[in-house]
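2 protein chains.
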Amino acid sequence: MVLRFALMIDPVASLEKGGDLRSTLRVIDPSAPALELGDLSAQRGDGVFESIGVVDGHPHEVGPHLERLAHSASLCDLPAPDLAQWRAAIQRVSAEAGPGESVIKLILSRGIEGGAIPTAWVTLATAPDNSAARRDGVRVVTLDRGYPLDVPARAPWLLLGAKTLSYGVNMAAIREAKRRGADDAVFVTTDGFLLEAPTASLLLRIDGRFVTPSPSAGILHGTTQLSVFAHLGQRGFETGYENVPVGDLERADAAWLLSSVRLAAPISAVDGRAVAVDRGLTDELNTFLLGRRD
Amino acid sequence: MVLRFALMIDPVASLEKGGDLRSTLRVIDPSAPALELGDLSAQRGDGVFESIGVVDGHPHEVGPHLERLAHSASLCDLPAPDLAQWRAAIQRVSAEAGPGESVIKLILSRGIEGGAIPTAWVTLATAPDNSAARRDGVRVVTLDRGYPLDVPARAPWLLLGAKTLSYGVNMAAIREAKRRGADDAVFVTTDGFLLEAPTASLLLRIDGRFVTPSPSAGILHGTTQLSVFAHLGQRGFETGYENVPVGDLERADAAWLLSSVRLAAPISAVDGRAVAVDRGLTDELNTFLLGRRD
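Just so you know, the sequences run in chain order Z and R.
Heads up, the first sequence is in our numbering, so the first residue is 1 and it goes up one at a time.
Heads up, the second sequence is in our numbering, so the first residue is 1 and it goes up one at a time.
Don't read these hints as lab results, they were simulated from the structure.
Predicted model only: the values in this text are computed from it and were never measured.
Ideal placement from N, C-alpha and C gives every residue a C-beta, glycine not left out.
Keep in mind that a hint or two might mislead.
[To be verified] A few chain Z residues that face chain R, going by a derived Cβ cut-off under 8 Å, partial list only:
| id | residue |
| --- | --- |
| 1 | 148 |
| 2 | 149 |
| 3 | 165 |
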């Protein structure tokens with residue numbers, strides 16, 4: 001994704017300048033050098049981020065994204081982000097988005113090595129065309145995430161519930177999926193439970209009920225999944241978080257990957273075997289997710 | 001660490017310009033903006049790196065570091081680095097090092113998102129003063145790395161044998177160790193075997209024999225550890241790679257963390273219990289490691 005607009009956030013100024021948050025934002029050329037080599041984002045993937053879907057200039061689920069940014073920062077012992085400042089930055093960047101679908105990324109890095117001040121920035125890019133994934137679905141392969149279900153709770157230093165910049169494994173899993181002729185991966189635990197996709201949450205409909213693997217298993221609590229649960233609840237469907245055995249992915253009536261930019265992508269194959277796609281409900285979910293819903 | 005000198009490497013030019021490798025290196029101001037926000041090193045920790053110890057202008061173990069850089073790049077499906085070009089860059093940067101101890105870092109990023117060209121750079125910084133750690137040792141805590149011993153071989157997408165820029169967990173483990181009143185961490189598997197420290201290899205002397213956890217367990221093959229094994233072998237000691245149970249860390253006659261910049265740091269305590277330090281051998285190892293040995 002080519003960046004179309006970017007601004008740096010001054011996290012120290014936010015404390016000093018109080019109300020005038022716009023003056024703590026600095027618009028920069030998104031294709032010019034902006035980060036020092038010593039920045040710990042680039043040196044060690046040491047920071048946290050969020051990707052926000054924007055439709056016709058309206059950023060979706062800003063509140064849940066900011067809450068999750070703060071949660072990730074806390075898990076990583078980063079200074080708490082000033083959410084009013086980040087909200088002002090999202091507003092400023094959204095004004096540049098124009099019609100169609102875009103992506104806003106929020107990045108909070110630990111800053112320059114040896115310093116004590118985070119580096120923070122927000123970018124805007126045009127979203128890729130996800131219409132084929134939304135319509136025809138994505139073929140997934142299940143990939144071992146390497147840990148059993150009980151590890152995240154007892155080993156918080158593994159940062160498994162934080163959306164960190166250390167996304168090398170997530171990217172490698174997608175490459176492995178493509179190597180196997182699929183489009184995306186679904187991580188599973190060593191003891192046989194479903195987790196999440198490298199950049200999406202998993203939603204299954206089993207016997208008419210909608211289920212997502214429990215975030216206590218060291219996975220991200222999906223902002224799009226939260227919106228979909230609220231929507232399904234309003235329509236009278238039962239929703240819930242559970243520890244879901246791997247076999248349920250093929251046993252489900254239907255399953256989706258949910259994420260902020262691709263939105264609801266139905267799963268069309270699991271490990272090379274075709275599975276049922278519910279086109280009607282998928283279209284309905286994406287219409288909801290593309291609409292002005294907050 | 002404050003960067004004192006830096007240069008960018010042009011990986012495309014290395015192919016085009018053939019012999020004239022110096023012209024593919026560009027000296028830059030190490031404290032000026034140098035990376036675009038779209039660089040995948042900063043966005044996703046997507047790249048690989050090496051840290052080389054430099055003593056009085058001489059970079060140590062350049063060959064093994066370059067081999068490991070190439071190995072990490074291969075595990076991450078990055079283009080193979082032109083090692084002659086990187087060697088020229090190390091030579092150029094070493095010339096700036098001056099007396100005393102320095103650190104050269106090599107970084108190979110996947111490049112700007114959406115592009116196909118890696119970003120690559122080399123930096124120089126003054127090494128921190130490690131004399132206390134070398135003399136008095138480091139107190140370690142054992143921390144669960146979350147996976148059993150057999151996972152790395154069957155799940156290569158976890159990149160466990162690659163030195164990637166996704167080092168968030170390594171940094172979090174060191175913070176956890178400090179929170180517990182220690183100096184550093186030693187990762188262990190869920191099934192009770194020793195692995196490595198977040199930024200160092202582990203060496204144990206057990207019944208007069210020197211043992212390091214086997215690199216097949218998804219840990220880095222330490223360049224300093226390789227040098228120490230060669231040195232110990234020349235002195236007539238037996239050395240070997242093994243799957244080492246966690247209990248051996250306290251049972252050992254002595255144990256060390258080995259790394260390129262801190263060199264041999266004896267372990268002085270494990271999970272709050274003091275363990276024996278062999279000061280004589282430690283001094284001898286550090287004298288060897290600080291000397292002109294290649």
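Status of the hints after comparison with the structure:
no. : hint : result
1   : 148  : holds, 7 Å
2   : 149  : violated, 11 Å
3   : 165  : holds, 5 Å
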